[in-house]
Structure formats: structure tokens, C-alpha cells
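Number of protein chains: 2
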Amino acid sequence: MPKSEKYAVGVDLGGTNVKIGIVSQKGKIIKKISLETLADQGPDKVISQIKKGIKELLFKNNLKIQAIGIGAPGVVASKKGTVENPPNLPGWNKVNLGKILQKEFKMKVHVENDANVAAIGEMIFGAGKKIDSFIMITLGTGVGGGIIYKQKLFRGEIGSAGEIGHTSIDINGPKCNCGSFGCVETYVGNHYLVKRVQNEINAHKDSKIWKLINNDLNLITPLIIQKAAEDHDEYAKSIIQNLGLYLGAALASTANAFDIGTFIIGGGVAGFGKPLFDSIEQTIISRVLKPIKKRIKVLPAKLKNDAGIKGASALVFYKS
Amino acid sequence: MPKSEKYAVGVDLGGTNVKIGIVSQKGKIIKKISLETLADQGPDKVISQIKKGIKELLFKNNLKIQAIGIGAPGVVASKKGTVENPPNLPGWNKVNLGKILQKEFKMKVHVENDANVAAIGEMIFGAGKKIDSFIMITLGTGVGGGIIYKQKLFRGEIGSAGEIGHTSIDINGPKCNCGSFGCVETYVGNHYLVKRVQNEINAHKDSKIWKLINNDLNLITPLIIQKAAEDHDEYAKSIIQNLGLYLGAALASTANAFDIGTFIIGGGVAGFGKPLFDSIEQTIISRVLKPIKKRIKVLPAKLKNDAGIKGASALVFYKS
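Residue numbers (numbering that gives the first Met the number 0), protein chains in the order written: chain H, 0 to 319; chain D, 0 to 319.
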């Protein structure tokens, strides 16, 4: 390893697992570890899990670590390093994660919201490397968003900007967990998607999905839909097409508001691949204002499984 | 007049009239003039009208004019000073208005999109004076928008950011002039609003609007609706209430995306006053994400009739 290479610790704090890695400035993971978050045991336990993981990783390690970067759910005040009301971490209210870890490891700690971390990760290591401004969308249980404007994270007033998943595409649409109606998340979020297919599929008796789930509706997952679509099932293909319509409608509004034409899409459902990306792109182009049309590009994210670790470490290289 | 006071020429280029004024750094209009745009005679004629107006205004004038500011419709590349495809100015394609006027008057010329000008005007002279970040909405034939983020105009990639009027609130809603569907402009823009009332009013035989329009549906205007509402007409009040629902739904999505909590609303329909503002504010608060709820404020614009002239002159004081 060249002596000049710099390293960071990246922490991906999720509701189920904490994933931690040592990452080089070139985005290579040198070593990584995953621990249970143990979220139900409260913030003190979670913090001790994070500490334990970092310690294990740094043990017998001679690399020069610049700093620690953490991607956390919830509202993150990145200047202070506090994490507020993360949805899947009960009992947190407001925890100064940055300060706690800084004290423990005697090095600088950068904390940022996980959707923003995904955007910074793509900017530093991924599909957004050479792109001045783009909007990162992460498709999973929810629909996360992060905005890179002129190579900087657009944070808004308190750091919660980029909540594109809560763009309503139907003022009278289905009720969203957030309390609003018709948020695009209620159309394309994993749970909602599966539920919709469970409700609709009786009208598609000849769909290949039936065989793949052995007639058990509980076995429907995005991956099952993907497999059926790859096997040319018309219903499965229409599901993916419609996801693109819903997302595209929301992203056209976003593109009009920000005048940003590039979207990078990551997360599980992005596995639907080209048919999804084509549907999103065509929908945005058909709906967006004329001055933006030509600039619309919908790209797949480059960071896959270790996106969280790499993105968190990118916080260090981005800031420094 | 104190010697230290600085002055600018502000030009408000509209489809019908060009309004031009000399404005002090404190936002006082010293002298103003209005000419017909003569848009149907093409760009050369319009430009000669602008020149004529400025010359008349500057004639026998000893004030030290710093520069000229222009608010123009369409996409404006403010660095270059070009105006592209303004909707109500036929034959323009792309005109370098900045360069042309700079040559004629030998002083710096700032050109900006008219919705952005409204935002800058409120920031420098109006309701946004002490506010770090806000979103300006101008309600008229269309729904214009301009975004101030940390006391700077947020322009996007080519300067067309802030098109909040083309936030779709119903993916399958009415077709918009822009080609998309369900844009909030198709619910609250003047023409659409009047058309909707013309269609609905037969179901409201006892509305006081009938008397105000002498039973002639062609006489329906926002002002008529306002008068009926002020006279406690239930139908007119419900129209205003619904405008707030439509706008509030769009602005909640905008607030979630930008993490900006303050909205300043100007333009004709804003004359509906407190009932409209209350409905917008309550709708946003009920729909926006939790971290933003407490920060939501919907304020009336302070610059009224001369908003265009003052805003355009604000470009000069903002930039310098």
C-alpha cells in the first residue's frame, strides 16, 4: 500500500445492523465488520456496539486513520454531530453521537443523515464523480433523497433537505406514514409496493408470479417481481413500468423546483434495472419543463452493498 | 436627498407593459414610467421601447445611477444576460438583452428571471429582509417561484430553478400548458381558477357571486370572488379555502425537498388575504414532515404594485 494513501472509518448505522469499515481515499474497503445494532436496548447499548465495532476494526492496525464518518437515520445536525428521532432507533430523541465518539477515539467525527451520506458517497466514489449537481434517490422501505448542488450537499435550514420520497403525487392519494397523502413513497416503497401487488394480483391469474410464490401471497417480494419480469411476465413488467411513472412524476416536480437534471438511483428496487430506469427517464422527460428536458439523465448508483460504509467514509474525504 | 444614497434603474419587462423606475437603495421609487411592450412587433421593437423608457427617465437627471436591473419572463442566463423563449414575447428565441443595453447606456446591466426578481426584491426591500432562507410564490396567470437560500438566489443548473407552479399535485390531474398533468398552476392560476368557477357555479345558485356578475359568467374574476367572500358568501369562501389546500399540498412537498419553512406569497390572488394565507399555512403544517412543521410560516409579500420595478432594482443592490 502506498504510504501517501489516506484512510477513514465509515460507520453505517442501521436499525438492524451497524456496518463499519476502514476505507481508503480511493474508496477501497480494507477491512470491515458488522454487528447487531440492538436498537431495542436503547441508545447506550447501540453506542457501545458502535464503539466495540470500531475498536475491533482498529485493533492491531497501523493505517493512518484521518477521521470517522457516520451515516445515521433521522435528522442529523451535522455541525453539532447530533442525531434526532431516528425512525428505527427507539428512545433516541436527541443523542450527540459525534461528541461521544470523538471523546472515545480522540479523532474528528463527521455525522450525517444516511440519505445524504448516499449522495456524498456517489459524489466522491460513485456515479456522481464528474457531475456538478445531481439528486440521489435511494429506493428501499422508504424513498430517501440527497441533493448535491455544485459539488456540495444541499442541507436546507436544519439538514433535512432532500426528502423527495415525501413529494405528494396525488393530493388525495393513500395516507403515508408521515401523515400526509399520496407521497411517492406510498407508491414505490417496498412495503407499499408488495401490499399493492397482493391486492391486485387476483386480477392477473395467469401471471408467472403465482408459480414463483407457490400461491402464497406472503412470499411476494421485489425480487420475485423482478424474476417474473425477466421471464417476460406482462403483469410483472407493468408493475415496474408503473413504478417508473410514479417516481418520474415526483422527480419531474423536483427537477422543476431545483433545475437539476441528473438523478442517480440506488437501493434495492433499483435492481429492476433498465426497464425501471427507462420508465423513470421517459416519464420525467415527458413531464418536465422545456429548458430542463434535454438535460434529464437517470443513472444507476455505482456503490452497491457497501454503499453505507463507503458513503460514511466519504464524509471524511469530502470535508477534508 | 442625502449625497451618500445610491440609485438604480429597475426595468419590469412584461408581456403588455414595460415599467421602469429609478429606485433608491432604500427601496424608494424616485420617478417611474410605463410604456406599452408592443410584444407583437417582435424583439427589436420591444428593445427600442425599453431604451426609450430608460432614456426618458434618465433625461435631466442628476442622480448617480449605479446600474440597470431587469426582470424578464422566460429562462434568463443571468451571467450572460440572455433572455430565452419568454412565453409572452413572440419571436425572441434568445436575445442578449444585457449586452444590448450595456452598450447603449454604458453601465452594468443585471438581467434575471421575473420570478427570481420577485424573490430578490422581497429579500432586499420586503418581507424577506431578515429571513435567511425563504421561497417566494407569485400568484397570477401562472404560479411563479423563486428560492432564497442563505440569502442567495438558488438558481439551479441554468437559472430556471424555483418553478414551484409546475409541481404536480395529481399525477392524473388536468393537462397543464407546460405539457404535464396536475401542476398546481392548473388549480390556482387565474385563468384556470376562473374557468373552474364558471363550471362549478351552476351548482351554487344562491351564491352572491351571481349578483356581482349580473348573471354573466364572463365577468367572473378573482376580485369578484374576493368581494363575495368578504360578504360572507359560503361558496366564495370555499373557493379560497380550496386554493389554500391546493397550494399548501404543493408547498409541503417543496418544503420537504428544500427544508425551507418560510413562504412569502405575492401577486394578484394573494389579495384574498388572511383566509387564503391561513388555509395555505394550515395545509402545509398538516402535510409537511415533522422536523419542518414548527418552522412553517406563510407571509404576505410586502412589495405590491411596484414589485417588478423595485425587484429589478434590487438586482443591482444585491449584486453590488
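Among the clues, some could well be false.
Calculated cross-link-like contacts (lysine-lysine; reagent style BS3-like; alpha-carbon spacing at most 30 Å) [unchecked claim]:
id : chain 1 : residue 1 : chain 2 : residue 2
1  : H       : K174      : D       : K293
2  : H       : K151      : D       : K31
3  : D       : K78       : H       : K289
4  : H       : K293      : D       : K151
5  : D       : K149      : H       : K128
6  : D       : K44       : H       : K149
7  : D       : K51       : H       : K79
8  : D       : K292      : H       : K93
9  : H       : K78       : D       : K296
10 : H       : K129      : D       : K129
11 : D       : K31       : D       : K93
12 : H       : K292      : H       : K151
13 : D       : K31       : H       : K289
14 : H       : K93       : D       : K210
Listed next, the stretches of chain D that the computed footprint assigns to chain H, with coverage defined by at least 3 CB atoms under 8 Å from CB atoms of chain H [what the hints assert, rightly or not]:
id : region
15 : 34 to 47
16 : 286 to 293
Simulated from the structure, these hints should not be mistaken for lab results.
Glycine included, every Cβ here is placed at the ideal spot set by N, Cα and C.
Structure-based check of all given hints:
1. K174(H) to K293(D): OK: K174(H) and K293(D) at ~21 Å, within 30 Å.
2. K151(H) to K31(D): 42 Å, violated
3. K78(D) to K289(H): 20 Å, holds
4. K293(H) to K151(D): Judged against 30 Å, a Cα distance of about 26 Å means the pair holds.
5. K149(D) to K128(H): At roughly 26 Å apart (the allowed maximum being 30 Å), K128(H) and K149(D) satisfy the hint.
6. K44(D) to K149(H): 38 Å, violated
7. K51(D) to K79(H): Roughly 56 Å between the alpha carbons, so the hint for K51(D) and K79(H) is violated.
8. K292(D) to K93(H): 17 Å, holds
9. K78(H) to K296(D): 25 Å, holds
10. K129(H) to K129(D): 37 Å, violated
11. K31(D) to K93(D): At roughly 28 Å apart (the allowed maximum being 30 Å), K93(D) and K31(D) satisfy the hint.
12. K292(H) to K151(H): Holds, because 23 Å separates the two Cα atoms, which is no more than 30 Å.
13. K31(D) to K289(H): 35 Å, violated
14. K93(H) to K210(D): 58 Å, violated
15. 34 to 47: violated (count 0)
16. 286 to 293: Three-residue rule met by the region 286 to 293 of chain D, so holds; n is 6.
Comparing the model with each numbered hint stated earlier shows that hints 2, 6, 7, 10, 13, 14, 15 do not hold.
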